[in-house]
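Using the sequences and the accompanying hints, generate a full structural model.
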Amino acid sequence: MGHHYITQLPNERYKFSKRGRLVTGFLMIVGLLIAGFGALRLQDSWQADNHSSELHENPHTDNYNSENHIASTHAENVDHHSSTHVENHSEGHHSTGWLSRVWAAFLVNAYYFFLFAVGGLFFVAVNYVANAGWATLIKRVAESMSSYIPIGFVLLMAAVYFGGEHLYEWLYYNNHKADLPADHLLDDKKWFLNRNWLYIAPIIFVTIWYALRTVIRRLSLKEDHEGGLMFFNKSIRFSAAFIVIFAFTFSVFSWLIMMSIDPHWFSTIFSVYNFAIMFVSSVTVITFITIFLKGQGYMNLVDEEILDDLVKFMFGFSIFWAYIWLAQFLLIWYANLPEESIYYYERWVAKYYPFFVANILMNFFLPFLVLIARYAKRNKYITLFGGILILVGHWLDIYLMVMPGVVGEKAGIGPLEIGFGIFFLGLFCYVLRHSLSKADMYPKNHPFVLESANHEVGP
Amino acid sequence: MYIAEIRNKLVQGDKKIADVTNDVLKSVEGKMTRGWMFGFAISFVFLMLMVWALYNTVTVGIGTWGVNKTVFWAWDITNFVFWVGIGHAGTLISAILLLFRQKWRMAINRSAEAMTIFAVICAAIYPLFHMGRVWLAYWVLPLPNAFGSLWVNFNSPLLWDVFAISTYFSVSLLFWYLGLIPDIATIRDRAKSKVSKAVYGFFSMGWNGSTRTWHRYEIVALILAGISTPLVLSVHTIVSFDFATSVIPGWHTTIFPPYFVAGAIFSGFGMVLTLLIIARKILNLESYITVNHLDAMTKVIMLTGSMVGLAYLTEFFIAQYSGVQYEQYAFLNRATGPFAWAYWTMMFCNLVAPQVFWFKWSRTTPWFIFMMSIVVNIGMWFERFVIIVTSLHRDYLPSSWVLYMPTFTEVALFLGTLGLFFTCFFLFVRYLPIINMAEVKSIINDRE
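Chains as they are written, first to last, in my numbering: chain A, 1 to 459; chain B, 1001 to 1448.
By construction, these hints were calculated from the structure, which means they are not laboratory data. Among the hints, a few may not be true.
[As the list claims (entries may be wrong)] What the simulated footprint calls covered on chain B by chain A, stretch by stretch (three residues with Cβ under 8 Å from a Cβ of chain A suffice, anywhere in the stretch; the number is not a length): (1) 1243-1256; (2) 1309-1315; (3) 1322-1335.
Glycine included, C-beta positions come from ideal geometry on N, C-alpha and C.
Here's what the structure looks like:
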């Protein structure tokens, strides 16, 4: 057809330079310093607050009072049996000292970066199962993202183990039952909301995910050395197994780690919502890493044809996210059952309302407008702009899932949250670049690699 | 475009471009076969059953149905949702698979889109006749009128349904017809009788096959595909809102929208497989609708079936977790109450049975896939029945607890819409090409 096809792939290997190591290490240290500074400042201001108001007997009841205030204003909007529930909700509220906010800020970032890692693995698996060829050249990028799973998970679980009583109201309630008024709903939920599930189930799930990741990665590296279709065919099977196991276990994972922060509340779509966040943000991260690598002089075979398709995924899945967001919001708003709508009432107070609006703007409306045009998908600056909206937007999204349930209205975005963000960014980049340097940039014996190298989007 | 060698050829059996026309038009240009006449006659008898059931419903009244003051929605809405769902495969294949550049869709999109249109017609019958006075059906539209303050309720998801489904029907019909124009022109050019030349000539809208005509055709096709894509999601999302915006235990659950869409695609592919496995055999189209097509479609069945299964389990879990006793009861009652047999039929057909497609043999053996597609159809019918009837038959007041049994009129109505669907499909096979010839010719040497 007159085309000149690429039939030979150059050997490329990412070199994790000394400067790169320094930069990532610097980010980690600076991030921790900023977060530490934020924590200290927070401690001071928190104590100053408590001294000034004599009404509070101890720091643990702060949130109790502010919650009651919200409850009384909402009771006007909702019908009678709501008031019993709202009381229930605020009754058992747990410790909300300044440390709670520190753990919450840590959890937001730990969870977010962990989602990138899992999302990278999911992207690799989906491409195998769908027999997709176009993304083969950037497969190693997604694969390397998943190398962050172990360290990311350890940090996430550190928050759960050491900050558990701060983060999870039900855990605090279970542990200090004698001193607290009874919360029947939490008593009813003890079969699921207990230490065994929270501490052990995520470890089992993530161990299985990482085991499958190890197999898929090993097959891919062997394919590089030995060639042949055997590794590819095996990878498809392991990827299919991963996707099925992941769908079921990730649901439980998101209920335990995220949904149980608001233990009185429930939503069946919650796990799908978390999945949407995971997929759209990790595709954005893949795009960013690819652009970054190209900027460093690597991945010259990856042209705007592949980036075009990646950005289509960013665009398409931000619409998907909005669809899931709407399904949850609209149905809860429309039925207005107090035990469900409390979730959004808590996010409509003055403290969170701007974030609530920004969430929809940054994750749906703005990326939709910025990324819809073809030239936007082929221009790296517009892509980066749209991608930053999505990445910051979903950080806010997770922030909105965590903060109201942990610290009530005593939230904010300051050095603490940003510092932890910088720390995790540094760590993630370090692990990613380390992993990238361990294998060839292109999976040269993958049966679809030439399809990817010669990829054209068409008109 | 560079395509890897390990991919299968889309059209098998070394077909030339002329073969496509001859093979596909055999059913249109040849004589009526006995099989066709036999199938058409049976479908037509069932269609007459529908006419009788509707006559009975209109002249006697809704009392001929088994609905009562607790189970006020039952058979009719079950079938309405069932038929709307069937239509989704057509839209998914022509819109979403187009966006994902899946070329295998080209052999099956025409017939799947036709099914969309017939299925929506079948679906529309149920709510229309449930109104009781079907001659006033136009009252569901927000028309300026002389009846005082009669105005539709824009807050009601039932009205959103009216808009969603009429949009869906119009766009699907337009898309289907647009794709047909070049093929109708081919039939026109080959027609021998004056009548068919005139009729096909009229519907081909003066198609001349010039580059300019093709150019315009492609632009319109792309725009319509763009419009259809959100429709795949929106239609069944709004159908799910009919239930989920309420406060009925078992209905009010936030996962309904994506779960209904997945279920619709699942059932739609079930029906597409049922019909295409027969059609490819009888019309000798195995080179075009290949085993690889069946393989891909069964994978979609397995994927969407598992998604639906995950939603069942999520619902069940969250109902128990919620601490809301009504939700807990609604789901336990589904699994253990008087309609437990329907619930376990649904669970088996939708979640368990499709897992057999993990094995390559089962994805490539047509008779087995045919059997499985029937299982899927049954399972998805029962899913809607379970959702609707089990949630309604236990009211908040135990004095209102009732059971539901369909009457003969209702059963006749369902069998009748099956008759309508198959009558339309037989007519379609006889008078229009069931494979998009123009598109298949463009990929005759391609790999998937």
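Each hint, compared with the structure:
Coverage of the segment 1243-1256 of chain B by chain A holds. Counting CB-CB distances below 8 Å, 9 residues qualify, and the rule asks for three or more. Using a Cβ-Cβ cut-off of 8 Å, 5 residues of the segment 1309-1315 of chain B lie near chain A, which meets the minimum of three, so the contact claim holds. Counting residues of the segment 1322-1335 of chain B whose CB lies closer than 8 Å to any CB of chain A gives 3, which reaches the minimum of 3, so the coverage claim holds.
Of the numbered hints listed earlier, not one is contradicted by the structure.
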